[in-house]
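> Chains as they are written, first to last, in this note's numbering: chain A, 1346 to 1640; chain B, 451 to 846.
No lab work stands behind these hints: they were computed from the structure.
Any given hint might turn out to be false.
Stated by the list, open to error - The following label-pair restraints were derived from C-beta to C-beta distances:
#, chain 1, residue 1, chain 2, residue 2, range
1, B, Thr714, A, Arg1369, 36 to 44 Å
2, A, Glu1624, B, Arg624, 55 to 63 Å
3, A, Glu1603, B, Asp478, 47 to 55 Å
4, B, Phe462, A, Glu1624, 31 to 39 Å
5, B, Pro721, A, Glu1514, 26 to 34 Å
6, B, Arg624, A, Asp1364, 23 to 31 Å
7, A, His1430, B, Arg624, 40 to 48 Å
8, A, Glu1499, B, Arg765, 53 to 61 Å
9, A, Phe1453, B, Thr704, 49 to 57 Å
As the list claims (entries may be wrong) - Far from chain A by the CB rule (all over 10 Å, computed), these chain B residues:
#, residue
10, Gln642
11, Phe810
12, Asp834
Stated by the list, open to error - Simulated coverage check for chain A against chain B, where a stretch passes if three residues somewhere in it have a Cβ under 8 Å from a Cβ of chain B:
#, region
13, 1381-1390
14, 1458-1465
15, 1474-1485
16, 1503-1514
Small disclaimer: the values here were computed from a predicted structure and weren't measured.
Every residue, glycine too, gets a C-beta built ideally from N, C-alpha and C.
Residue strings, one per chain:
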Amino acid sequence: MSAPFTGPDEVRDRFAEHDYLADRGLATSVHLGTRLGMPLLLEGEPGVGKTEAAKVLAASLDRPLVRLQCYEGLTAAEALYDWNHAKQLLAIRVAEARGDRLEEADLFAEEYLQERPILRCVRSTDGPPPVLLIDEIDRADDEFEALLLEFLGEQAVTVPELGTFRAAEPPVVVLTSNRSRDLHDALRRRCLYHWLEFPDPLRMVEIVRRRVPGADEPLVAAAVDFVGGVRGLDVDKPPGLAEAVNWVAALSVLGVGELVREDVAATLGALAKTPDDHEVVTAALDDLLAGSSPG
Amino acid sequence: MSLLAGADRAAFVTGLGSRLRAAGVPVDLTSTVAFTAALDVGFPRDVESLYWAARVTLVHRHEHHPTFDAVFDAVFRDTVLATDPQARRAARGGDTSSTGDTWARAAGRPAGDVEGDGLPWATLPRVTAGGSSDDEDDVTLPEPLPSAAAALADTPLEELDDARLAVLESWLQRTVDRWPTRRSRRRRPHKQGTHVALRDTLAASRRTGWETTRLRYRRPERRPRPVTVLVDVSRSMQPYAVAYLHLLRVLARTGRCETFVFSTELTRLTPALVHHSAQEARERAEAATADRFGGTHLAGSLRALRRSRWGDGLRGGVLVLASDGWDSDPPEELAAELARLRRRAHRILWLNPRAAAPGFEPRVGSMAAALPYCDAFLPAHSPDALVDVVAALVDD
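Can you build the whole structure from these sequences, using the hints too?
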């Protein structure tokens, strides 16, 4: 197990070892989050590296990553804990057959408790506490946010029948949100908040180069320019960092050395994700290529 | 040698916190404690580290970053040049007034309440024994009774005075208790449910000595759909603007509706309209709308809505457009825009106050281009028609 970070600079260095270039704000919030034991709330436009940051954090701390993908209808039974109802029903039948008298404590005991990601993080005893990623919290209903409050504030989960489980060593928690709806203030209050900016072209070149090691230098620069041009167009979904990385990877798989119209048109599916966007980008292709050609 | 050596941390943090609060960033006690703890972890050696430590602990919303930057700069950098890209963008967009505003607001707090003696515009005129000659009978009713509302049911909107508009608002208020809903993935216990709820069944069987005599069920819950309303406040729609503002306020105050007005550009009114005082809401809305009674950019405003962060709120929701269809953008652009929105929204309603006129035909280019994408086309020219509009929201 690696020790937690000694400062924001070390966060940047250790993230960079895993090919993630953290900006100053992210490095500070990760450092403070791990030292103060506070959850980290990352917001930013899609494809800017929020989920990736959590994965890299787990890797650089050498801890397991527990991921909870949020979706509508997510409840305590999927996120915190559930009772093994089938086993309980069986126990009732067995007790009946033996003529035993069943108490409530017999049925709601630890052996019938099913741990879900959050309780698993709290109760994990072997090795260092895991990194818990609660991904796209804005996709869950707002009731679910309320479920998280006890855990985020006190690193504890209460099972009414059994009592409160408290983490011996608080897990590192990262929440991400795409702002498809506003999160409640009570949730924000318990977290360190960082807004991930879309990187400037220079940093973006550096990131793409690290993510796609096989790509040619001039190709990466031209592609980043091109993506910048597409982001300036009237598109439904401006391509994010993830799309840019995928696109350069696609180009380099095809063995493309420089941006040519045919190759760009063939791989546009990695950048433009709706027919409307595809149309808009195709229409502006010549201008974009002229703008991003080297020299 | 660390920055601010020998400073009382608690006093320092509290001071910065109250300064931020005065500027409009809600800094609570938890964040203040977190910031103090952050200073303990490793005391910042330069202003830059102090900036980030303060920002990630004290600010919890992206919207507050520019204000935070302004306050931080004023305190620690003694300069107006912001380093954060977000703040720079805001400053470049001509939003320089926001910082000036916050200081002004902090300085002169009681500015809002000076005219406490005047009646709010929404209250009805009191009945006076003498009865001035220009008051009509129905206007002098002391309360917005149903009869008062019924009396103005068919009055054209442009003929309503403030008092009658207040009656209209309270009348509309009663119609929004029904709201469009959709089936959600969350389930609730229900007698006529479709899924066996094991947890509830087991809990209930406790009473019968753990013998499961009756099964409990759950069924999917219904959730309110998001509603987005856009109202045209260009010159041609001027007579209806105030009445529509009342409709917007009623909808905005449900908390499930985003409200916008547009003329040459799009303005979001929801935060202004939800104010509990009707007069204050109206003043704020009017102050927010810079381009009132100008030209119309319908297609451009729809595009601005789709690309804004509220564009995602349209998914699976109801989109209501109130406009007479006089648009200075080409009709093809409007058609293309509505085609995109059609794929995103559950329903699109179009309100046109002129549609009730005898012999009306949607012959304006934009109106004709838009109609194929609308699920309903409603005349919204009278209070009665506005109530129908609210009812039409629910019609699935």
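> Could you run down the list of hints and mark each one as holding or not?
We went through each hint and held it up to the structure:
1. B:Thr714 x A:Arg1369: 36 to 44 Å: holds, 39 Å
2. A:Glu1624 x B:Arg624: 55 to 63 Å: Roughly 46 Å apart at Cβ, these two residues miss the hinted range, so it is violated.
3. A:Glu1603 x B:Asp478: 47 to 55 Å: holds, 54 Å
4. B:Phe462 x A:Glu1624: 31 to 39 Å: violated, 56 Å
5. B:Pro721 x A:Glu1514: 26 to 34 Å: violated, 42 Å
6. B:Arg624 x A:Asp1364: 23 to 31 Å: Violated, at about 60 Å.
7. A:His1430 x B:Arg624: 40 to 48 Å: Because 45 Å falls inside the window, the suggested range holds.
8. A:Glu1499 x B:Arg765: 53 to 61 Å: violated, 35 Å
9. A:Phe1453 x B:Thr704: 49 to 57 Å: violated, 41 Å
10. Gln642: Answer for Gln642 (chain B): holds, closest chain A Cβ roughly 19 Å.
11. Phe810: holds, 33 Å
12. Asp834: The claim holds: Asp834 (chain B) sits with its nearest Cβ about 34 Å from chain A, beyond 10 Å.
13. 1381-1390: Satisfied; 4 residues make the cut.
14. 1458-1465: violated (count 0)
15. 1474-1485: violated (count 0)
16. 1503-1514: violated (count 0)
In this structure, the earlier hints numbered 2, 4, 5, 6, 8, 9, 14, 15, 16 are contradicted, and the remaining ones agree with it.
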